[in-house]
Amino acid sequence: MSAIVLLLLGLAGMALGYLFYSRFIAQRIFKLDPDFRTPAHEFEDGIDFVPTNRFVLWGHHFTSVAGAAPIVGPAIAVIWGWLPAFLWVVFGTIFFAGVHDMGAIWASVRNRAKSVGALTGDVVGRRARSLFMIVIFLVLLMVNAVFGVVIARLLVGNPGAVVPVWGAIAVALVIGQLIYRRLLPLGLVSVLGVIALYALIYVGPQVPVSLPDSTFGLSANASWILLLFLYAAIASVLPVWMLLQPRDYINGLQLFVGLILIYAAVLIVNPAIVAPALNTDLPPGTPSLIPLLFVTIACGAISGFHGLVASGTTSKQLARETDARFVGYFGGIGEGALSLASIILATAGFASLADWQAVYHAFGQGGEAAFVNGGARILEQGIGISAEVSATMLTVMAALFAGTTMDTGLRLQRYIFQEWGEIYQIKWMGKALPATLLAVGTCLVLAFGAGGADGSGGLLIWPLFGTTNQLLAGLTLLVITLMLIQRQRPARYTAIPLAFLLVMTLLGLLLQLRSFFIDKNWFLFGLGSVVLVAAVLVALECVAALRRSRQVAP
Amino acid sequence: MTPLWQRITHWYRRAEAFGAEYYNAPYRRAIAAARRDEEDLFMLLVFAEMMGIPNPATWHTLELQPLLLERFHDWHRRQGMAHSPLDQFRCC
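So the sequence lines, in the order shown, correspond to chains A and B.
When we follow our numbering, the leftmost residue of the first sequence carries the number 1, and every step to the right adds one.
When we follow our numbering, the leftmost residue of the second sequence carries the number 1001, and every step to the right adds one.
Please note that a few of the clues may not be correct.
Every beta carbon over 12 Å from chain B, so not counted as near; a handful from chain A, in silico [unchecked claim]:
id : residue
1  : Gly13
2  : Phe24
3  : Phe36
4  : Glu42
5  : Leu188
6  : Pro434
Per the computed footprint, the stretches of chain B lying under chain A, defined by three or more beta-carbons under 8 Å from a beta-carbon of chain A, are [claimed, not checked]:
id : stretch
7  : 1002-1009
8  : 1038-1049
9  : 1073-1086
It is worth saying that the hints were derived from the structure and are not from the lab.
It should be emphasised that the depicted structure is a prediction, and the values quoted were computed from it without experimental measurement.
Backbone N, C-alpha and C define an ideal beta-carbon position, used for all residues, glycine too.
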């Protein structure tokens, strides 16, 4: 199987989905109206509510939702073979993600740009809203713990990436200073920043940095995790203009450059996919494809995190309601395209099937390492960038994504603690520093409590992240479905994905709980149980709300 | 100016405006919050001065730097000082 065929099939499928299916959903189901006065105009305040150019808004939406997940999830899921991952990413993007993202923006825009959490309170009920807070907190906790491990693994596996990954922070700090203190034009600073970032990527492999195998009894992996959390804690309390804003910006630019390079290299090299379409020789201990495929690949197919961004910031900046199709649906396609690249690199970037099997020798293997190594091989052959520099570039790409998501995630987690401090009148918890320490502390408990001295607890809970994240997506779809029913419009286009997601999430959770119970892994069993209870309650709330809305509807 | 040059500068300006939007959009809220804080800080300073309460400004200065910097620079120039008189707040 040629990678170009897979690439073109995938992209063509998504393009057709955008051209036809999204138009049908936008015009017939959501009935997007170009004359509707969006909250961006109605409440325009120059702060939250600002009518924004749709291309800019698409960039904002896409880079906000693109974390490490669309890279890591598919690169792990190809263990079942490339076909299931490919089909789920393409059809998931067309029928699930695009509709979910566009629907979340529409639902929010039609409700004074309220966030999905607030909407849940209005449309479903207050109990569901409280559940939503718990689910959001768990997702953030898992994102931070998982991404800490992902970056640490990348740094241990690719010592050449240490300089560019940490150097990118310095580049962002300098950019922030140049823009705000020296008042240099943004165009010039952007060019300088990108050049500096790629210069670091070139220099990195020549000055590899490895931590000693043991520092105070901690492995190199564990030391990196601690350092990363220290960094994220500092980043989350620094003013946004200093680090987060320039870092996200330069990261977004790098994403576009990286994607173009990857697709160009695949088109030039046309590598053959060495992995089997359906892997019948699964390593022992690999869980069943159904339902775990649908929770392992969350971002790239459908992800609850998108609903938070879509209804949080995107909906407040939508200039015309019809833009929701481009921003939301095409944002989903952006993630799908990144996942597709990840599938291709993790299946076609190996010399032979034996090489591929050596990497995918157990479930949870491969992942970002397969993306980096496979991609490096294709980039070297296609564009002539040496394998070492290519590997560093892809590592930096994956690590920067995980890093920006991690420091934003930690900041959001801090806000939740501060909110709880206010709600329950615990004064010290309402302050920034103690709340940050609590956020970092809970992440470290998860990383080291579940993973032992290695600190890799985050990765053990990756499938749990999938289920929790899908729960969020389910809640968003539920809100959209209820709104459609209330307006007496066909609801099956969101109800079917909703039902599918809930069934797969519950099944996946039950299977995982069983294996945690057998392994006597009480920590994960406990955490999984919380998610299960939340999932069941969400399902019940869903049924109750549907019944209520039927009674209300004439 | 030749038409080609005009077109180039036009596209450069558009690209720059586009970039600025993309740079600012996700953080508009946080930066605006800092701007509001600036007003609050001013009130706090005035009241603190009146009541003899220790000055809390140093703690907030880092957050407000990008907003205060230009105005501070204009201010010290108007006061006849070529450079910033504060060690921890250097603008030029």
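Consistency of the hints with the structure:
1. For Gly13(A), the shortest C-beta to C-beta distance to chain B comes to about 28 Å, beyond the 12 Å cut-off, and the non-interface label holds.
2. Listed as outside the interface, Phe24(A) is consistent with that label: its C-beta sits roughly 29 Å from the nearest C-beta of chain B, beyond the 12 Å cut-off.
3. Residue placement check: Phe36(A) keeps its beta carbon more than 12 Å from all beta carbons of chain B (closest about 21 Å).
4. With a least CB separation of 17 Å from chain B, Glu42(A) remains clear of the 12 Å interface cut-off, as annotated.
5. The claim that Leu188(A) lies off the interface is violated: its Cβ sits roughly 9 Å from the closest Cβ of chain B, which falls inside the 12 Å cut-off.
6. Every CB of chain B is more than 12 Å from the CB of Pro434(A) (nearest about 16 Å), matching its label as outside the interface.
7. Check on the stretch 1002-1009 of chain B: 0 of its residues sit with their Cβ under 8 Å from a Cβ of chain A, so the three-residue criterion for coverage is violated.
8. Residues of the stretch 1038-1049 of chain B lying with their CB closer than 8 Å to a CB of chain A number 0, which falls below the three-residue condition for coverage.
9. Check result for the stretch 1073-1086 of chain B against chain A: violated, 0 residues qualifying (beta carbon to beta carbon below 8 Å, three or more required).
Of the numbered hints listed earlier, those contradicted by the structure are 5, 7, 8, 9.
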